[in-house]
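Number of protein chains: 2
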Amino acid sequence: MVDTAPRTTTKTWGQRPAATVPAKPVPGAVGAPIPAPSAAPAPESPEVDVAALGRQLLGTWADIRLAARERAAHPELQRIEGQTMAEHRERVLGQLKILVEQGAVHRAFPKELGGLEDHGGNIAAFEELVIADPSLQIKSGVQWGLFGAAVLHLGTEYHRRAFLPGIMSLDVPGAFAMTETGHGSDVAAIGTTATYDEATQEFVINTPFRGAWKDYLGNAALHGIAAVVFAQLIAKGVNHGVHALYVPLRDADGAFLPGIGGEDDGLKGGLNGIDNGRLHFTNVRVPRENLLNRYGSVTEDGTYSSPIASPGRRFFTMLGTLVQGRVSLDGAATSAAAVALTIAITYGNQRRQFNAASDTDEEVLLDYQRHQRRLLPKLATTYAQTFAHDEFLLKFDAVFSGRADTDDDRQDLETIAAALKPLSTWHALETLQEAREATGGAGFLAENRIVGLRQDLDIYATFEGDNNVLLQLVAKRLLTDYSKQFAKADAGAMARYVVAQTAERAYHGTGLRRLGQTIADFGSTARSVSELRDTNTQRELLTDRVETMIADIAARLRDARKLPKADAAAAFNRNQNELIEAARAHGELLQWEAFTRGLEQTTDPGTRRVLTWLRDLFGLGLVEKHLAWYLIHGRLSPQRAQAVTAYIDRLLERLRPHAQDLVDAFGYTPEHLRSKIASGAEQERQDEARAYYAAQRAAGTLPMPEKTKK
Amino acid sequence: MVDTAPRTTTKTWGQRPAATVPAKPVPGAVGAPIPAPSAAPAPESPEVDVAALGRQLLGTWADIRLAARERAAHPELQRIEGQTMAEHRERVLGQLKILVEQGAVHRAFPKELGGLEDHGGNIAAFEELVIADPSLQIKSGVQWGLFGAAVLHLGTEYHRRAFLPGIMSLDVPGAFAMTETGHGSDVAAIGTTATYDEATQEFVINTPFRGAWKDYLGNAALHGIAAVVFAQLIAKGVNHGVHALYVPLRDADGAFLPGIGGEDDGLKGGLNGIDNGRLHFTNVRVPRENLLNRYGSVTEDGTYSSPIASPGRRFFTMLGTLVQGRVSLDGAATSAAAVALTIAITYGNQRRQFNAASDTDEEVLLDYQRHQRRLLPKLATTYAQTFAHDEFLLKFDAVFSGRADTDDDRQDLETIAAALKPLSTWHALETLQEAREATGGAGFLAENRIVGLRQDLDIYATFEGDNNVLLQLVAKRLLTDYSKQFAKADAGAMARYVVAQTAERAYHGTGLRRLGQTIADFGSTARSVSELRDTNTQRELLTDRVETMIADIAARLRDARKLPKADAAAAFNRNQNELIEAARAHGELLQWEAFTRGLEQTTDPGTRRVLTWLRDLFGLGLVEKHLAWYLIHGRLSPQRAQAVTAYIDRLLERLRPHAQDLVDAFGYTPEHLRSKIASGAEQERQDEARAYYAAQRAAGTLPMPEKTKK
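As you go down the protein sequences, you meet chains A and V in turn. For the first sequence, full-length UniProt numbering assigns the number 1 to the initial residue and increments by one for each residue that follows. For the second sequence, full-length UniProt numbering assigns the number 1 to the initial residue and increments by one for each residue that follows.
One or more hints might be untrue.
Identical copies go unnamed one by one, so any copy, or any two together, can satisfy a pair.
Mimicking DSSO-like on lysine-lysine, the simulated pairs with C-alpha atoms at most 27 Å apart in a straight line are [unchecked claim]:
no., residue 1, residue 2
1, Lys-562, Lys-707
2, Lys-676, Lys-476
3, Lys-476, Lys-707
4, Lys-565, Lys-476
Calculated directly from the structure, the hints in this document are not laboratory data.
When you get a sec, could you build the whole thing from the sequences and use the hints?
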């Protein structure tokens, strides 16, 4: 396969070069810069250009995504519902071999080994596997995105030549042995040790207690014949922190090598096509060379050295090379939400129930306000995530290609990943659940796909970093950035800031500003709405909330650093919930900004108009969700707050006729959806039933209702 | 089994006679009325009397529940994870036979047939089956709670004698054939017809189109050899609406009888121990006597008669006899939430992760504020539901025993069911999901039970009445009650009311009252908190919101009745979302009132103190959830609104030491939980790990961290 994706350089998050955006083909405009948004007025009854919007949603790596979707449309790569765990595991292993044969999974690897060194495109293709079977996606991710990527990014030339060929060809299925039963999110505290033995020039890998068993590892229960094992590296009595080693696990017959044992994790809530399991090591010896030593080496005599002096920075740098897991979960979760909404909105557009408005015809589900409220805001969020994910992937590609790979770039990428992955994985679960309920009993049947996807996606909320832990990381970064503003300032500047803060709090917090707004608001709901739909108003509301929350927390924690460790931790803990909410607000703002930038790239006036409503629904939906905060802090008057909800109701009415177009633009075919209720079967049933009654009425054979008779 | 539950008469919802409350045994107080709550001051460091609280939580039918739990503790009735659908279905069928042998499922049936005519006790025992296997609960419910209950409540003496013995003994497994592919919540619109043929004195049952296939029916795919079929009853060319008929389905070899066909619904998102399927009928004839004719009869010559003149009222009366499904789902969902919280809180009390406060010891998860925020409010809601469910079951028992069985009683029961079932089934799903995430990867393993329960409980949100549809029913009832206040009033009264409403809205809506509060609030956060913990303040806040929302909607819909049907429907639809939110607020208020009454019955001072905090957490949690409403409508000033969150944070700190006691009081044993992470295994792992490091530190053999060395 040839890489046909546009290659671009991008320096900062969110600034997407216009040339990378696939646009609606316009005669004479091929290859030319995208024209500025048309100044022509948007039509009163806008129409969505579904094909052009679809191209835009596919994003930077559109062609790679289309090729991956073409692959995912083939039954041989798809899940068969109802297989036993054993059957499903074997099937997915076989599917991995198919991916190798199709050359579908080597895009990120070195050119010298047959790869393309195309990191962004690799992730784009990988994400699309979720629509074939999430087990296939994640087992591929274990093999090439974790096990293989650890060798690629943590190893050196020797390791790449020695180990990558077998990994790439799947001759060596392997596990990524980081998590332990006792330590998941806190990787730095794992218990497994790798102690250097100078006498034999080997590392001795050992599991000191039950909690230090490696756990939840794909490929560990059955298929893995090697692993990258993370352990505390001990040399000359000093613990140099967590490092990774390449460790053979099983012999040619599939039996554990001496000193190695394990267990099958057994049945899970989903992803049962993956053989997750546990491993433990009893003084297992590997050659010194098996240390993946890009960030830390041990000489023959046991002397440790590292290009990164600080153990803490070294640890985060090593973990940071594995950020692609979070990147890809953000994309896959967004795809799953898009699939769920395509199914639920298609069905909701055909299914009828209750006849409130007519004596003969029942209402289409999506005409009910409640049904719109349940599905359309989730559609808006899915759009926001789609735009945000493409920018995220561009940032990832810039860092991993080396085009923009400073420490700051890597830290920004980590923070974006930690902000977006939690929001999108939670959103996928909520959307799949709402889609399940919105399609009733039909949604509960495996044949309609939603429940299986939800079961598989469940774990996305806690693996590759627990969502709450990730958001806390984001919050800490925001707090650090905030305090950096004062790092170079003298004590006087800080004092002045504190005074200003206090004044601002008094102004916002006790009703003075709110009071002014209340008076100004009298009789002007129309002006409220007009302001709320303004892009800058939305930006200001969303940005202000993040900044104020962080500033408030920073003010509360200002003196905590001087406290004894336990007291400082307690002070931090008393703000933990709000910290995490601030991080969520930051992630929401990132999504909103990306949606807004996406909107600026939309050229077709009708599409742009509808997308503007959808972006407003997203932005005002966020404001509505946090309405109490805006009221308490005097950012919205009660009247303006009511206008938020009223305007959302109006947006739902406006968007409703375009709902089908907006899900169709995701571009999933029946082969991707594989959902009977989204196949048109419901429309056929409705048409048949209505024709039956119409014919009976026409023929005068419909039995008269008892109450009519009376 | 002998019915040992206290029998009581109760007239109105929520007024539970004191004598029915199992209390902590106090010497000398046995059989005496429960003493008034102790006037002794509650201790500063209260302790929970877990045994006494446990008895109180078991509620009115405590002994029956304990016996049912004893039964559910036996492996033969429990789910085996990982069985195929076919194996699981057969196992559950076998378990139903065990229940028959144990005499565990006949409590509600007539004494003359071996039952006890004990409706409340029957449901109490039935609900507890959920902890053995939700498939067992629901398949039992299909057989005896739907199929059997339809014969019992919709049939007459003939049907009870002819059909109940076979149903009770499971000689005749049967389906409850109400729902169709095309009509779920809107039962009145089903398409299946039962046309009376005077010539043969038979009913001809027919499925006119694909959408009228019966669907999602337990026992239909495999085991059912008969069904109660709901169909439009047509006699002499008149449609008398939906009635039920007893229809044989399969012959002795399990083959469909002539004219009957069907399909297997196949794999589902959960409850795969039940053989749900589809049925269709092509001119299937059953004798005239097979019409379950308690509410509608057809004479030999085809003359229809009914004791209920209005077809609408007749329909709702017939459906109302089947309310027990909703009753039992409310109880079972609450039990599932309690199991989930017992697992997650037990684990959260043992599991450690990250060491912010100490150099050596990691923090227990439940000491993190965020972890408390995730789990303890859900514990409060589960308590509220437990108390509300017992009152609900008392109401049900009063109606079905005939002790308090007026039309009003039945309507009240319907409304309570429609309010509580949605809230508790959604709560179960949210709680199971939070428990899953709070236990991380371990929570995703089937061996820890949470994921299986969540998969099974998923459908509880839409079967026996879609939750959104049920809440809309509640809202319509509230609107009707509201308009009844003016039914007898003259036009002048209505006008005066409207004026008063408008004045009140002006007062609340534009900030005048809020303004007053803001000024009064200055510098008085302590007084705000003191008011918020007051029972009457909480009641007023919660009640006021329901009333105001309904009044506001009623005002907006006041003129809608005069509009043409389609316009009236559109006006209603524009308020649908808020209507459903008003109904939710009503259900929450019911739960809060029940919790408050339960609290009044708690005699131990320490337990009472802790439960008061938990009730406050529930009540203020509701206020916090709807904080924007209270701010917009001037019910809370910004300062008081902030006090709500601040006080919730304080309540979480206070409740945290009692969290284990509060889940232990649910009374589930390891045989009920069957969750490895709640077995104490995590504590053992933590103890082992800490002992290992302590020993190394003591011996001086712990490798020195690199950063310490520097």
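To see whether the hints hold, each was checked on the structure:
{"no.": "1", "hint": "Lys-562 / Lys-707", "result": "between (80 Å within a copy, 22 Å between copies)"}
{"no.": "2", "hint": "Lys-676 / Lys-476", "result": "neither (46 Å within a copy, 34 Å between copies)"}
{"no.": "3", "hint": "Lys-476 / Lys-707", "result": "between (68 Å within a copy, 22 Å between copies)"}
{"no.": "4", "hint": "Lys-565 / Lys-476", "result": "within (17 Å within a copy, 57 Å between copies)"}
Checked against the numbered hints above, the structure violates only hint 2.
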